[in-house]
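This is what each chain is made of:
2 protein chains.
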Amino acid sequence: MNAEIIAVGSELLLGQIANTNAQFISEQLALLGIDVFFHTVCGDNEPRLRDAIKKAESRAELIIFTGGLGPTKDDLTKETVARVLGKKLVADQKAMDSMLDYFKVTGREMTENNLKQALVIEGSHILPNSQGMAPGMIVEEGGHVYLLMPGVPSEMRPMFLDFAKSYFAHRHSQHIQSRVLRFFGIGESQLETKIIDLIDAQSNPTIAPLAKESEVTLRLTAKHESKEEAEKMLDLIEQKIDQRVGTYLYGYDEVSLPEVVFGLLQAEKKTIAFAESLTGGMASEWMTGFPGASSILNGGIVCYTNEVKEQVLHVPTEVLKSDGAVSARCAELMASSIRTLCGSDIGVSFTGVAGPDKSEGKDVGTVYIGFADGDNSRSYLYQFKGSRRKIRIQSVKTGYDLIRRYLRRLPAIVK
Amino acid sequence: MNAEIIAVGSELLLGQIANTNAQFISEQLALLGIDVFFHTVCGDNEPRLRDAIKKAESRAELIIFTGGLGPTKDDLTKETVARVLGKKLVADQKAMDSMLDYFKVTGREMTENNLKQALVIEGSHILPNSQGMAPGMIVEEGGHVYLLMPGVPSEMRPMFLDFAKSYFAHRHSQHIQSRVLRFFGIGESQLETKIIDLIDAQSNPTIAPLAKESEVTLRLTAKHESKEEAEKMLDLIEQKIDQRVGTYLYGYDEVSLPEVVFGLLQAEKKTIAFAESLTGGMASEWMTGFPGASSILNGGIVCYTNEVKEQVLHVPTEVLKSDGAVSARCAELMASSIRTLCGSDIGVSFTGVAGPDKSEGKDVGTVYIGFADGDNSRSYLYQFKGSRRKIRIQSVKTGYDLIRRYLRRLPAIVK
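Respectively, the protein sequence lines represent chains A and B. Start counting the first sequence at 1; every next residue gets the next number (full-length UniProt numbering). Start counting the second sequence at 1; every next residue gets the next number (full-length UniProt numbering).
There's no promise every hint is true.
Said to hold, decoys possible - So these bits of chain B aren't anywhere near chain A, every CB distance computed over 12 Å:
#1 H125
#2 H175
#3 S203
#4 S214
#5 D375
#6 A412
To be verified - Heads up, incomplete: computed chain A residues facing chain B, CB under 7 Å, no partners named:
#7 L14
#8 G15
#9 S26
#10 V41
#11 S284
#12 E285
#13 S294
#14 L297
#15 V302
#16 V308
#17 V319
As the list claims (entries may be wrong) - Okay, the calculated beta carbon distance ranges per label pair:
#18 A:K212 to B:K227: 39 to 45 Å
#19 A:N376 to B:D345: 38 to 44 Å
#20 B:E213 to A:Y167: 35 to 41 Å
These are calculated hints, taken from the structure and not from any lab test. Since the model is a prediction, treat every value here as computed from it, not as a measurement. Glycine is no exception: its CB is placed at the ideal position from the N, C-alpha and C atoms.
Turn these sequences into a full structure, and let the hints steer you where they fit.
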């Protein structure tokens with residue numbers, strides 16, 4: 001089965017919003033094993049919408065519409081689909097009742113044009129709208145399936161997940177299970193090289209690599225009649241991947257590296273503090289994004305000038321003079337000092353050159369990360385590339401990965 | 001003139017990314033007075049792309065492509081357009097030179113397939129790519145205009161704004177000038193109420209309000225045969241708006257509040273330091289995002305626990321006991337202490353309850369911002385609403401607006 005998604009709404013063509021509905025539905029259809037060949041966006045204009053429907057019928061079996069189910073004259077999706085199919089619109093009692101309910105509960109006055117929302121295409125399968133008034137509908141006709149949903153994402157998403165999805169799943173006897181593995185510290189091509197035989201041999205499960213900002217993910221997807229078997233297939237392929245590149249694997253699906261590190265610190269009841277030069281507070285800020293951060297992060301110092309490094313963080317003047325602020329020794333002293341000052345179990349420091357200009361004769365992208373966990377303090381040297389923003393983010397992520405590796409008793413990686 | 005935008009890339013059909021390019025281009029075309037009737041997304045597949053081009057030719061004069069200009073076999077936009085138009089691909093020397101330069105500067109090795117990126121459609125007008133390697137191109141043929149641009153937004157956007165836009169502006173005799181006014185500290189409805197007569201009377205220039213995350217913008221758009229006259233029309237309407245809500249106006253177009261504050265501090269040669277509790281380093285981090293931050297930001301302390309507030313920031317234990325950490329006195333002492341410790345002209349502090357739970361019996365969203373500029377230290381109390389993330393961002397933005405108002409000699413606003 002292949003699909004086309006038609007979004008109806010002039011606000012999309014004016015650039016007021018992006019078509020995130022098509023993204024969401026495409027992602028969901030990929031999980032269901034349904035291929036999407038086209039997205040179309042069309043304005044609130046009957047002849048043009050009719051043209052788009054005709055074109056879609058010529059190249060897709062499943063045609064999914066978002067938008068144009070509301071109460072105003074501009075909303076003409078179901079009217080146009082009904083006309084193309086030669087079908088009538090009829091009042092749906094359930095939709096009518098739930099609409100009357102809605103106005104009663106919210107105390108708002110119902111205007112005449114709202115009645116239009118309770119009209120559905122005759123013979124269609126109705127999809128309830130748990131977040132709004134206009135119901136969705138599915139019509140099967142002439143070898144095509146037409147799915148109509150509202151355009152507001154907060155109404156469309158639950159409608160798709162709770163009702164439309166199971167409709168399609170019933171048509172397929174197959175379960176499609178998916179799992180995303182998230183890696184840090186290894187490049188896309190390096191990862192691919194290490195598992196190229198698995199990728200070349202893939203069919204079911206499939207293995208799809210994707211490079212994100214300084215990270216790489218692998219999406220594993222297995223199809224089977226039994227959900228449990230599909231999961232087992234995923235476990236098996238993950239095991240093989242894990243044997244080769246497991247130390248770079250930090251998490252699954254939508255989890256982020258900071259979230260993983262936060263969880264590890266919580267589980268081990270360890271506290272942390274950051275001394276930040278080039279990263280300017282980013283490392284601390286990422287931790288404080290999570291509720292309960294006060295039991296993990298004691299504090300931090302942003303030491304953007306040498307004076308603050310000396311006077312607040314107590315890095316000796318001699319070290320700043322002899323080794324410079326961007327140096328292994330300075331990074332180590334920053335880490336041990338912040339640990340002592342904030343009374344934390346672990347101290348991590350960042351000092352380097354974010355650019356755009358060289359500093360202390362050191363190239364843009366030169367970054368030292370210091371790590372202190374007791375009397376022991378060490379540092380790691382990195383050479384990052386890219387914009388100022390990229391270098392700073394890469395620095396913080398690498399610092400977080402050092403903490404992850406420390407708590408997981410894995411060796412630190414240095415490039 | 002009317003347009004269709006064709007995005008080429010299977011990653012869009014898999015739902016891995018949203019088609020934000022179409023949104024950006026649509027918004028820009030609306031400003032140029034060009035109507036967009038359709039968006040199409042098509043995969044990396046020649047027959048289907050060919051079909052999409054044919055369809056677009058039947059309904060649009062201007063056809064804009066994004067994506068598919070890269071070095072791999074999957075990238076086939078210019079090849080397909082050239083074939084549809086019966087034209088050849090030829091090597092462009094400028095594109096070749098800038099590509100060789102890129103590899104030289106980054107020290108990366110150039111693989112054979114990169115050469116493909118320097119090929120352009122014969123007779124096309126070339127658009128330089130300031131952020132990457134693949135150039136864009138414009139071809140005029142048979143009453144149609146074909147514009148091809150890369151799919152990476154950071155490459156496409158400057159290419160459109162710097163090169164494609166002026167190409168279209170030259171074709172129109174009307175100039176469309178646009179200006180965005182950015183406001184902080186005033187709600188959308190409050191702003192609208194104050195200028196409702198101007199909004200109701202608008203035709204040319206038009207005034208379009210838009211609420212963004214804790215900010216409001218007004219987009220003014222004027223049309224005139226003369227660019228200068230259009231600019232004068234904008235000046236005139238801005239003057240009227242400025243008389244009523246000028247103190248909330250912090251900047252224009254794409255500028256951000258931190259950028260404005262950074263510029264003001266630079267212009268006045270003032271240095272700053274932040275003491276951050278609930279904001280966790282965000283205020284410092286925003287400053288360090290700009291090159292040259294080391295002459296503005298001396299440093300900062302993230303004092304997430306009371307121990308750090310006492311031992312690093314020297315807030316007296318008595319104050320933490322009597323008034324609590326979330327209090328006017330604590331905020332004032334944090335601000336004056338960070339100013340002294342870091343030796344800066346201005347010290348700003350943040351202490352409050354980000355949630356999800358109450359703290360010290362104070363409601364979620366209670367935030368004190370301290371401000372010290374000499375011996376004088378004062379504080380402001382706010383009650384913010386929303387998620388943990390929203391409360392923290394709102395706090396930092398409000399702190400930045402306090403700095404802006406201080407440097408502009410405007411009264412602070414308190415809610």
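For each hint, the structure was consulted:
The non-interface label for B:H125 is consistent with chain A: the shortest C-beta to C-beta separation is roughly 24 Å, beyond 12 Å. With 12 Å as the threshold on Cβ separation, the claim that B:H175 sits away from chain A holds: the shortest Cβ distance comes to roughly 20 Å. Non-interface status of B:S203 relative to chain A is upheld: no Cβ of that chain comes within 12 Å, the nearest being about 18 Å off. For B:S214, the shortest C-beta to C-beta distance to chain A comes to about 17 Å, beyond the 12 Å cut-off, and the non-interface label holds.
At roughly 20 Å from the closest C-beta of chain A, the C-beta of B:D375 stays outside 12 Å, upholding its exclusion from the interface. Non-interface call for B:A412 relative to chain A: holds, since the shortest CB-CB distance, roughly 24 Å, exceeds 12 Å. Given the 7 Å rule on beta carbons, the hint for A:L14 holds: about 5 Å separates it from the nearest Cβ of chain B. Because the closest C-beta pair between A:G15 and chain B is about 3 Å apart, less than 7 Å, the hint holds.
A cut of 7 Å between beta carbons decides the hint on A:S26: the least distance to chain B is about 3 Å, and the hint holds. At its closest, the beta carbon of A:V41 sits 4 Å from a beta carbon of chain B; the interface hint therefore holds under the 7 Å criterion. For A:S284, the interface hint holds, the least distance from its beta-carbon to any beta-carbon of chain B being 4 Å, beneath 7 Å. Checking A:E285 against chain B by beta carbon gives a least distance of about 4 Å; that is within 7 Å, so the hint holds.
The closest approach between the C-beta of A:S294 and any C-beta of chain B is roughly 5 Å, which is under the 7 Å cut-off, so the hint is satisfied. The closest approach between the C-beta of A:L297 and any C-beta of chain B is roughly 5 Å, which is under the 7 Å cut-off, so the hint is satisfied. Checking A:V302 against chain B: minimum C-beta separation of about 4 Å stays under 7 Å; hint holds. Checking A:V308 against chain B: minimum C-beta separation of about 3 Å stays under 7 Å; hint holds.
The restraint placing A:V319 at the interface with chain B is violated, with a minimum CB-CB distance near 17 Å, outside the 7 Å limit. Distance hint check for A:K212 and B:K227: the Cβ-Cβ separation is about 42 Å, which falls inside the suggested range of 39 to 45 Å. For the pair A:N376 and B:D345, the beta carbons lie near 39 Å from each other, so the given range of 38 to 44 Å is met. Here the CB-CB span from B:E213 to A:Y167 is close to 36 Å, well matched to the stated 35 to 41 Å.
Of the numbered hints listed earlier, the single one contradicted by the structure is hint 17.
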